[in-house]
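S.K.: Once you've looked at the hints, dock chain B against the given chain A.
Just so you know, the sequences run in chain order A and B.
Its first residue numbered 530, the first sequence is counted upward by one per residue in the numbering used here.
Its first residue numbered 111, the second sequence is counted upward by one per residue in the numbering used here.
These are calculated hints, taken from the structure and not from any lab test.
It is possible that some hints are incorrect.
[To be verified] Think about it this way: if two alpha-carbon atoms lie no more than 25 Å apart in a straight line, the pair counts; the simulated DMTMM-like pairs of lysine to aspartate or glutamate are: (1) A/K565 x B/D357; (2) A/K622 x B/D278; (3) A/K622 x B/E274.
Computed from a predicted model, the values in this text were never measured in an experiment.
Spelled out, the chains give:
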Amino acid sequence: MTPRAEIVHWLFASGFLLLGMLLLAEAIVGYDVWRKRRWRTYLWPSLAFGIGVFLWPVSVFFTNSTLHMVAHASWAETAMIAGAAQLALARGKLHSRWWTLAVSVSMAVSGLAFLIHEQNPWFFSRAAFLHHALGWTVLVAAIFPIGQTLRPRAFGWNVGFAMTWVTVAVLLFADRDLAPIFGHLSPLAGAPR
Amino acid sequence: MRRPAVLGAAALIAVALPGTAFGHATLRHAIPAFQSRESVAPREVLLRFDQTVGLIPHAIEVFARDGRRVSGTPTFGADHRLVRAPVSGLVRGGYTVRWRVLSSDGHVGAGVFTFGYRIAAPPPTQAYGASGPTWADDFARWGLFVSLALLLGSLGIRLFVLREPIPDRLSKRLYLFAGLGAFATIDVGIAAFILRAEDALQLPFVDLMYGDLSPFATKTRFGVAFVAMTLGFALVAALVVLSWLLDAPKLLRPAFLVALGFASGLSLSGHSAVEPNSTWFSQLADFLHLSAASLWAGGLVTLAFAVWPLAPELRRGAFLGFSRLATVLVGLLVLAGTYLTILRLPAVHDLWSASYGRVLLVKLAIVSLALAWGAAHHFLVRPRLERGDAPRGLRRSLLGEMSVAMAVLLVAAVLVNSAPPPRPVAGSTQATPAAR
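Extracted from the complex, chain A is given alone in its bound form (with noise of 0.2 Å):
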């Protein structure tokens, strides 16, 4: 018995909105201030390296197709290696500031994945809205990463960064297995529920 998609997604998409949340208080009050408290280096790289723990039984339980059970394999092995990469980086185990451009690689590659995979117009249902949607968003923002690389103080790269994380944990919540999407509804998608 495995519990519905849509709770699922809404679950992960609340350890995004904590990234997010984590990331965008960082953004604000500084990078210095920020790691005036050791502690507080590790927050955001813990939380990504365990969502992609989390994602190993997502990958396993819901098997309904090849592509589904892969998605989320990749997805749970990238988020470890990005978030141990992080992690290293602030325990001092890695030194070179281009391991930042890991999260970048992660996230072009998630986005791309989700453009590519997603064989719907936007309007079919609200899945596919998301699909679309949080490709593109995660896309686009793999610049965020690279920008933080050059520039690890620049407010703007950082809010970007903190930004993305919280837009990916709204499109998340607004996820639903079968829901029309700005009044659209595809007839062959099925009734909603």
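M.R.: Using the frame of chain A, we list chain B on its own:
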């Protein structure tokens, strides 16, 4: 050429596709249910999807064990989410249901499941049309063994051979090997699972991407083992990463134990678990055989590629320590292997008359070479190291033994995917078919 393409593409997608897929039709309900045992012959097969679907040729086909088609023309039910096909002429036996529908997003969703009429349903891997494992499955299984060896070997060397503290650069390399091994075990496991399901689904690659894997994940031993192993090795990967980040080598002990425990999934889902004469003892023997081989082969990789180039001062101690550990491992390997050989080959002539026996002979030949190599290290090199000598070319020799060990794992992968010869039934001239 289709199989290699599937393997390659599955591996690529495992790296490159972090998205979600809920835009295509998903089978919600089936009558008869997956792997159900029906006491009354069903008059129709009924499939309910989560959204409207289109009918395409071969939308629902039901096959008897002998390939006889027992289903009629599919039609829609009360709405276009319900597809039904009449069935007739069922006799006692196992039946395969293959379905293919056009999703509203343009994809062809497909799946296969089985049911039994007055008998237990066969597993979906034995669906009509499935051809059994091919060389691609063997290759994937080999990848799984190598990944597991890298994980267990690097952890084993650190925990049982080297003494803390170890040089930082060696520590980093060992963490890298363990992390790679853990993630590779998961990724190759996913590829192996998809390949195994693909054999039963019999779908072209694009359709396979939308194939329903749930009957395999929930109703087969290898599927359940896959689910458990994926979760287990994700935990191992997390423990290894945390151990590295927190400078806490003590976390490697639970990581090793969890990895060892979940490696048993391979034994519990292989033919050692489904043969008619399988017992808990034979499964334990298979687990010990696999674990000892992984630890031995992975230990050699770790010695050759981590200890030797990065910690010259530890070479002597590491070699001597591994030599002691390898003695125990080889003992376990030989004892468990001999027991399993006797169990799986009812007659000596099966060694050359059955394909399983011939593969086993090849394996025995390569294992003999590996054992001879190991014995040379143990009896010739070890005493010199204990006297304080530094034999030249030892790394090359370790690389040689490691290569032979990898070859052993490859042949073992072929052997695991092969069916042992059937065992004669007492008081009968007939034989029971061996299960895969």
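S.K.: Would you mind marking each hint as holding or not holding in the structure?
M.R.: Against the structure, the hints:
no., hint, result
1, A/K565 x B/D357, "22 Å, holds"
2, A/K622 x B/D278, "11 Å, holds"
3, A/K622 x B/E274, "19 Å, holds"
Going through the hint list in order, the structure satisfies each hint without exception.
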